[in-house]
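J.: Line by line, the protein sequences give chains L and S.
Under the numbering used here, the residues of the first sequence are numbered 27 to 139, in order.
Under the numbering used here, the residues of the second sequence are numbered 91 to 203, in order.
In short, the hints are calculated from the structure, not lab data.
Note that beta-carbon positions come from the ideal geometry of N, C-alpha and C, so glycine has one too.
It is possible that some hints are incorrect.
Straight-line distance between alpha carbons at most 20 Å, and here's what the computed DMTMM-like set of lysine to aspartate or glutamate pairs gives [as the list claims (entries may be wrong)]:
no., chain 1, residue 1, chain 2, residue 2
1, L, K85, L, E41
2, S, K134, L, E31
3, L, K83, S, E191
4, L, K96, L, E31
5, S, K134, L, E67
6, S, K101, L, E67
Sample of chain S residues at the chain L side, in silico, Cβ under 10 Å [stated by the list, open to error]:
no., residue
7, S108
8, W112
9, L135
10, Q140
11, V145
12, C182
13, G195
14, L200
15, V203
Given next are the chains, with one letter for each unit.
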Amino acid sequence: TQLLEQSPQFLSIQEGENLTVYCNSSSVFSSLQWYRQEPGEGPVLLVTVVTGGEVKKLKRLTFQFGDARKDSSLHITAAQPGDTGLYLCAGGVLGSNTGKLIFGQGTTLQVKP
Amino acid sequence: EAGVAQSPRYKIIEKRQSVAFWCNPISGHATLYWYQQILGQGPKLLIQFQNNGVVDDSQLPKDRFSAERLKGVDSTLKIQPAKLEDSAVYLCASSLTVRTEAFFGQGTRLTVV
Chain L
27 TQLLEQSPQF LSIQEGENLT VYCNSSSVFS SLQWYRQEPG EGPVLLVTVV
77 TGGEVKKLKR LTFQFGDARK DSSLHITAAQ PGDTGLYLCA GGVLGSNTGK
127 LIFGQGTTLQ VKP
Chain S
91 EAGVAQSPRY KIIEKRQSVA FWCNPISGHA TLYWYQQILG QGPKLLIQFQ
141 NNGVVDDSQL PKDRFSAERL KGVDSTLKIQ PAKLEDSAVY LCASSLTVRT
191 EAFFGQGTRL TVV
């Protein structure tokens, strides 16, 4: 069974601080997606990485896929209160022809003004 | 463009009762997903449709859960009879194809007492 573990599970920081969220597995994934979910809403896709070692930047967010495609990280620079939410990573199951995703348990981020 | 619509938003039922959730995907999206998200966990895929056919229901508890997408558009998910451990948010998502971005609805929060 493929599992994705995220760390930390909870993170409370002050506005302006930097942070990194990790998503780890012992399994290889075809791709890795990061979502943000706000209370009472569904997850919203932030980025998809597909190549080992790939780095993508989205404004203050930097996403990296591990060389072996087993892990990923999300780094936020100068966090703002608007970044508050649940961050989920999801791995594309290798060999799946249905696009199946396995989600991590999420990291809850609170950014205090 | 209208997003994925789900109803109801909230539902409270007693154990052993039945409940049904409805989902209207984005127009033209062939792929429809139902996920279960238990508090503190990431979403878990229950069932995936491609048009009106099921492509993955490997994690659907078929003794109590059922889902249909009769005309390849709207979908309903039913639980009968409900158990306490079914308390969760039920998310519907849709995508153009299995390889493209999935868009999530706001979810239905089910509480079984």
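J.: Now, for every hint given, state plainly whether the structure supports it.
T.: Here is what the structure says about each hint:
1. For the suggested pair L/K85 and L/E41, the alpha carbons sit about 16 Å apart, so the restraint of at most 20 Å is met.
2. Using a Cα cut-off of 20 Å, the hinted pair S/K134 and L/E31 holds, with the two alpha carbons roughly 14 Å apart.
3. For a cut-off of 20 Å, the pair hint linking L/K83 to S/E191 stands: about 18 Å separates their Cα positions.
4. Between L/K96 and L/E31 the CA atoms are separated by roughly 11 Å; this keeps the pair inside 20 Å, and the hint holds.
5. The hinted pair formed by S/K134 and L/E67 meets the criterion: a straight-line CA distance of about 16 Å does not exceed 20 Å.
6. Between S/K101 and L/E67 the CA atoms are separated by roughly 16 Å; this keeps the pair inside 20 Å, and the hint holds.
7. Because the smallest distance between the Cβ of S/S108 and any Cβ of chain L comes to about 24 Å, over 10 Å, the interface hint for this residue is violated.
8. Restraint check, S/W112 versus chain L: the minimum CB separation of about 15 Å is more than 10 Å; hint violated.
9. The interface hint given for S/L135 holds, since its Cβ lies 7 Å from the closest Cβ of chain L, which is under the 10 Å cut-off.
10. Hint on S/Q140 holds. Least Cβ distance to chain L is approximately 8 Å, under the 10 Å limit.
11. At a threshold of 10 Å, the smallest CB-CB gap from S/V145 to chain L is about 5 Å, leaving the interface hint in force.
12. With its C-beta approaching chain L no nearer than about 8 Å, S/C182 sits inside the 10 Å limit, and its interface hint holds.
13. Because the smallest distance between the Cβ of S/G195 and any Cβ of chain L comes to about 5 Å, under 10 Å, the interface hint for this residue holds.
14. About 14 Å separates the beta-carbon of S/L200 from the nearest beta-carbon of chain L, more than 10 Å, and the hint is not met.
15. Taking 10 Å as the C-beta contact cut-off toward chain L, the hint placing S/V203 at the interface is violated, the least distance being around 21 Å.
Of the numbered hints listed earlier, those contradicted by the structure are 7, 8, 14 and 15.
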